[in-house]
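Q: Sequences listed follow chains Y and F, in order.
If you use my numbering, the first sequence corresponds to residues 19 to 143, in order.
If you use my numbering, the second sequence corresponds to residues 6 to 592, in order.
Bear in mind the hints are in silico, worked out from the structure with no lab data behind them.
Ideal Cβ placement from N, Cα and C applies to all residues, glycine included.
Please note that the accuracy of each hint is not assured.
For lysine to aspartate or glutamate, the following EDC-like pairs were computed, each having C-alpha atoms within a straight-line distance of at most 20 Å [stated by the list, open to error]:
1) K46/Y to E69/Y
2) K82/F to D135/F
3) K131/Y to E105/F
4) K548/F to D26/Y
5) K142/F to E32/Y
6) K21/Y to E33/Y
7) K493/F to D481/F
8) K142/F to D26/Y
9) K82/F to E26/F
10) K46/Y to D260/F
11) K308/F to D184/F
12) K28/Y to D592/F
13) K82/F to E69/Y
14) K28/Y to E129/F
15) K259/F to E32/Y
16) K31/Y to E126/F
17) K127/F to E69/Y
18) K82/F to E32/Y
19) K28/Y to D253/F
20) K584/F to E538/F
21) K31/Y to D592/F
22) K524/F to D592/F
23) K21/Y to E105/F
24) K540/F to D525/F
25) K46/Y to E130/F
26) K527/F to D517/F
27) K252/F to E432/F
28) K21/Y to D517/F
29) K142/F to E126/F
30) K28/Y to E538/F
Listing some non-contacts, in silico: residues in chain F with all C-beta distances to chain Y over 12 Å [claimed, not checked]:
31) K110
32) E176
33) I406
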Amino acid sequence: MAKLTIADLKRIKEEYHQGLREGGFRVKITVHMGTCGIAAGARPIMNAVMEELAKANLKDVAVTTSGCAGLCSKEPMATIELTGEPPVKYISLTDEKMRKIFAEHVLGGKPVKEYALVVGHETTY
Amino acid sequence: MICAGTGCVANGSLKVKDALEAELIKRNLQNEIKIVLTGCNGFCAKGPVMVVYPEDIFYQLVKPADVPHLVEEHFIKGRPVQKFLYTPPAQKDAIPVMNEIPFFKHQVLRALRNRSLIDAEKIEEYIARDGYMAAAKALTEMTPEQIVSEMKRSGLRGRGGAGFLTGLKWELCARVQGDIKYILCNGDEGDPGAFMDRSVMEADPHSVLEGMIIAAKAINAHYGYIYVRAEYPLAVQRLQLAIEQAKDHGLLGKDILGTGFDLDLEIYQGAGAFVCGEETALMASIEGKRGMPRAKPPFPAVKGLWQRPSVLNNVETFANIPPIILHGADWYASLGTEKSKGTKVFALSGALNNIGLVEVPMGTPLKTIIYDIGGGIKGNRKFKAVQMGGPSGGCIPHSLIDTPVDFENINKTGAIMGSGGMVVMDETTCMPAMAKFFLEFTEDESCGKCVPCRIGNKTLLTILQRITNGEGREGDIELLLALSQQIKDTSLCGLGQTSPNPVLTTIKYFRDEYEAHIKDHKCPARVCTPLIEFKVNEEKCKKCGLCFKNCPVNAITWEKGKVAYIDQEKCTKCKTCIKNCRFWAID
Chain Y
19 MAKLTIADLK RIKEEYHQGL REGGFRVKIT VHMGTCGIAA GARPIMNAVM
69 EELAKANLKD VAVTTSGCAG LCSKEPMATI ELTGEPPVKY ISLTDEKMRK
119 IFAEHVLGGK PVKEYALVVG HETTY
Chain F
6 MICAGTGCVA NGSLKVKDAL EAELIKRNLQ NEIKIVLTGC NGFCAKGPVM
56 VVYPEDIFYQ LVKPADVPHL VEEHFIKGRP VQKFLYTPPA QKDAIPVMNE
106 IPFFKHQVLR ALRNRSLIDA EKIEEYIARD GYMAAAKALT EMTPEQIVSE
156 MKRSGLRGRG GAGFLTGLKW ELCARVQGDI KYILCNGDEG DPGAFMDRSV
206 MEADPHSVLE GMIIAAKAIN AHYGYIYVRA EYPLAVQRLQ LAIEQAKDHG
256 LLGKDILGTG FDLDLEIYQG AGAFVCGEET ALMASIEGKR GMPRAKPPFP
306 AVKGLWQRPS VLNNVETFAN IPPIILHGAD WYASLGTEKS KGTKVFALSG
356 ALNNIGLVEV PMGTPLKTII YDIGGGIKGN RKFKAVQMGG PSGGCIPHSL
406 IDTPVDFENI NKTGAIMGSG GMVVMDETTC MPAMAKFFLE FTEDESCGKC
456 VPCRIGNKTL LTILQRITNG EGREGDIELL LALSQQIKDT SLCGLGQTSP
506 NPVLTTIKYF RDEYEAHIKD HKCPARVCTP LIEFKVNEEK CKKCGLCFKN
556 CPVNAITWEK GKVAYIDQEK CTKCKTCIKN CRFWAID
């Protein structure tokens with residue numbers, strides 16, 4: 019990997035955001051996998067997502083992980099973000115709930131209100 | 006365009022305009038976004054109304070309190086806020102937005118700014134959120150003196166618990182002559198119940214690395230260690246990967262970003278000792294010696310790791326540094342109280358509904374954190390006390406629940422804010438037993454070097470064990486108080502200087518409970534088994550039968566409408582009946 023310059027830092031940031039906007043990703047699924055999430059069972063949730071993704075054979079879904087989302091008592095959690103819409107945080111997930119969310123929100127575009135906690139971004143300033 | 010027709014003005018649209026103006030200035034958008042007041046828009050029933058161009062989005066029922074959320078989501082993130090869009094009456098059921106959920110509404114994320122948004126194993130995601138831009142600025146546009154000055158002006162105080170002014174610590178080390186200096190990160194996080202640092206190290210390891218680069222530039226250090234407790238394998242793994250990726254990208258190692266500045270960082274794993282969170286013990290540990298503190302002066306800034314000038318900062322402190330360099334000291338100091346600037350991360354645990362990690366501005370009342378953010382006490386029980394600062398801290402009772410949380414105000418109660426652990430206790434907690442629990446920990450973790458801590462804590466523990474065993478003696482409370490004060494005054498390091506705090510604060514606020522244990526041989530919270538008779542109090546028994554239904558050994562007889570009775574021969578003293586009784590009817 020080449021050593022970066024400051025101009026490179028700016029370029030990477032620009033490319034990353036552009037990639038998100040134009041990269042053809044319609045949906046981004048983030049499974050929260052801090053120690054709290056893993057202890058509560060985030061790995062089976064991630065497996066469920068990967069299985070459903072393979073079944074649906076989609077190319078426009080990005081799956082990623084992050085660390086602890088803050089509400090440790092409601093893990094396992096996942097966040098689904100459709101392009102152009104604010105992210106939706108789902109809590110207290112099970113294998114079954116995740117698959118239902120995949121079907122209705124990821125494929126169908128409609129958030130599953132019963133499993134959702136909140137919509138939007140946290141204040142980071 | 007904000008409607009300023011009579012209808013909307015009557016509904017407060019001018020207040021919305023003022024709030025919007027203030028928020029735009031705060032977020033530095035006032036030159037990009039123009040506010041225009043218009044005449045009546047027509048849809049008066051849904052005022053105040055606002056139309057945003059160029060997207061032509063129509064917002065209704067906007068209130069001043071909604072403005073920050075709207076600016077954040079729409080103007081900065083580019084997503085129109087669904088909640089304020091007009092929805093035809095049929096589509097009522099919206100999922101709540103962030104500022105409707107108390108858990109999120111009161112939080113402001115600075116140290117945790119990247120939480121839930123990045124994959125810790127992908128450096129590009131950190132860079133995409135302005136990662137390493139602060140390090141770039143510090144290395145190319147600022148002198149060490151300017152960096153120190155900015156840190157001092159920000160008012161950032163050590164987040165590990167001691168609260169020493171970070172900028173001052175850096176200045177003291179920067180002044181010392183020496184070609185070899187060390188920048189150290191304290192990732193030991195020994196407090197039981199604290200997981201703030203673990204979360205940062207696992208979820209956002211680069212924020213720690215970037216903070217260390219900036220600190221290294223300020224003090225002129227080119228080597229550093231991150232001391233991580235071995236009990237955090239995921240944190241060790243993520244930090245290790247982050248260091249490797251940073252090195253590959255020229256963000257660590259020789260000639261960072263082509264600026265000529267070198268910094269090499271290494272991880273050192275702890276071996277399970279709480280005392281190694283103390284800075285001189287930590288340094289002894291890295292040197293391969295037994296983790297034992299030493300007297301100060303000389304302070305580590307002058308003579309630290311391997312006798313070289315060293316600065317040790319906490320993980321959360323480092324995580325706060327990049328934003329301060331990027332957005333400035335004034336921005337950082339705009340939140341918080343007079344002597345405690347910025348935000349603090351707290352780890353909420355215990356008897357709360359919402360257990361988790363929260364970051365709030367300093368000065369937020371304890372009540373807000375426990376009831377609004379924490380969601381109140383689980384199982385409809387009553388709040389009794391909150392232990393702040395782990396085993397070095399103290400308990401705070403309900404009478405002080407309005408206390409604003411910052412260094413000074415919490416110190417006044419006799420507790421310490423500490424590193425941020427908040428263990429909430431309800432009415433089913435026995436305070437002398439709690440003090441004993443913390444002393445068991447600190448007595449075990451004492452390194453043994455100095456008499457007050459080694460022998461003093463052991464003695465405190467012995468007395469507390471007697472008290473909770475029903476063998477308390479007249480004069481025990483006075484002895485605990487005198488001994489505690491002596492240990493605090495004469496111990497060599499912070500472990501001994503703070504280990505009596507749980508004893509002192511529980512006696513201060515719950516003396517009656519100690520007296521009940523000693524004089525009446527009773528445990529009011531029904532926790533200390535030797536002090537429980539396991540007899541049903543016939544006056545208090547509400548004849549609900551819950552104890553009978555839950556007893557695992559069928560030692561209770563009960564019939565509908567009758568008082569319950571416990572057979573002492575069969576009873577195994579497991580306390581299941583007590584845990585189920587809501588009327589405190591079993592003595």
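Q: Each hint should be assessed against the structure and marked as holding or not.
A: Each hint, compared with the structure:
At roughly 16 Å between alpha-carbon atoms, K46/Y and E69/Y fall within 20 Å of each other, so this suggested pair holds. Annotation: proposed proximity of K82/F to D135/F holds, straight-line Cα distance about 15 Å (limit 20 Å). Restraint check: the Cα-Cα separation between K131/Y and E105/F comes to about 15 Å, which is no more than 20 Å; the hinted pair holds. Annotation: proposed proximity of K548/F to D26/Y is violated, straight-line Cα distance about 74 Å (limit 20 Å).
Taking the CA atoms of K142/F and E32/Y, the gap is about 18 Å. The hint holds against a cut of 20 Å. For a cut-off of 20 Å, the pair hint linking K21/Y to E33/Y stands: about 17 Å separates their Cα positions. Of the pairs offered as hints, the one joining K493/F and D481/F holds, with about 18 Å between alpha carbons and a cut-off of 20 Å not exceeded. Distance hint between K142/F and D26/Y is fulfilled; the C-alpha atoms sit about 14 Å from each other, no more than 20 Å.
At most 20 Å may separate the alpha-carbon atoms for a hinted pair to count; K82/F and E26/F meet this at roughly 18 Å. Distance hint between K46/Y and D260/F is unfulfilled; the C-alpha atoms sit about 36 Å from each other, more than 20 Å. At most 20 Å may separate the alpha-carbon atoms for a hinted pair to count; K308/F and D184/F meet this at roughly 13 Å. With a C-alpha separation of about 68 Å, the suggested pair K28/Y and D592/F falls outside the 20 Å cut-off, and the hint is violated.
Under the criterion of a C-alpha separation no larger than 20 Å, the hint pairing K82/F with E69/Y is inconsistent with the structure, at around 31 Å. Between K28/Y and E129/F the alpha-carbon distance is near 11 Å, which keeps this suggested pair within the 20 Å criterion. Proximity of K259/F to E32/Y is assessed by CA-CA distance (about 26 Å); at most 20 Å being required, the pair is judged violated. Restraint check for K31/Y and E126/F: satisfied, since their Cα atoms lie roughly 16 Å apart, inside the 20 Å limit.
At roughly 23 Å between alpha-carbon atoms, K127/F and E69/Y are farther apart than 20 Å, so this suggested pair is violated. For the suggested pair K82/F and E32/Y, the alpha carbons sit about 14 Å apart, so the restraint of at most 20 Å is met. Restraint check for K28/Y and D253/F: satisfied, since their Cα atoms lie roughly 18 Å apart, inside the 20 Å limit. Of the pairs offered as hints, the one joining K584/F and E538/F holds, with about 15 Å between alpha carbons and a cut-off of 20 Å not exceeded.
Restraint check for K31/Y and D592/F: the C-alpha separation of about 65 Å exceeds 20 Å, so the hint is violated. Proposed proximity of K524/F and D592/F is supported: the alpha carbons are some 16 Å apart, at most 20 Å. At most 20 Å may separate the alpha-carbon atoms for a hinted pair to count; K21/Y and E105/F exceed this at roughly 45 Å. With a CA separation close to 16 Å, the supplied pair K540/F and D525/F stays within the 20 Å bound.
Only pairs whose Cα atoms come within 20 Å are accepted, and K46/Y paired with E130/F is accepted, the gap being roughly 14 Å. At most 20 Å may separate the alpha-carbon atoms for a hinted pair to count; K527/F and D517/F meet this at roughly 11 Å. A threshold of 20 Å between alpha carbons decides the hint, and for K252/F with E432/F the separation of about 52 Å lies outside it, so the pair is violated. Distance check on the hinted pair: K21/Y and D517/F sit about 66 Å apart at the alpha-carbon level, beyond 20 Å; violated.
For the proposed pair K142/F and E126/F, the alpha carbon gap of about 24 Å is over 20 Å, so the pair is violated. For the hint linking K28/Y to E538/F, the alpha-carbon distance of about 71 Å lies beyond 20 Å, and the restraint is violated. Its beta-carbon lying about 9 Å from the closest one in chain Y, K110/F breaks the requirement of being farther than 12 Å from that chain. Distance check on E176/F: its Cβ is at least 27 Å (rounded) from any Cβ of chain Y, clearing the 12 Å threshold; non-interface status holds.
Interface exclusion of I406/F from chain Y stands, the closest Cβ pair being 21 Å apart, more than 12 Å.
Violation of the numbered hints given earlier is confined to hints 4, 10, 12, 13, 15, 17, 21, 23, 27, 28, 29, 30, 31; the remaining hints are satisfied by the structure.
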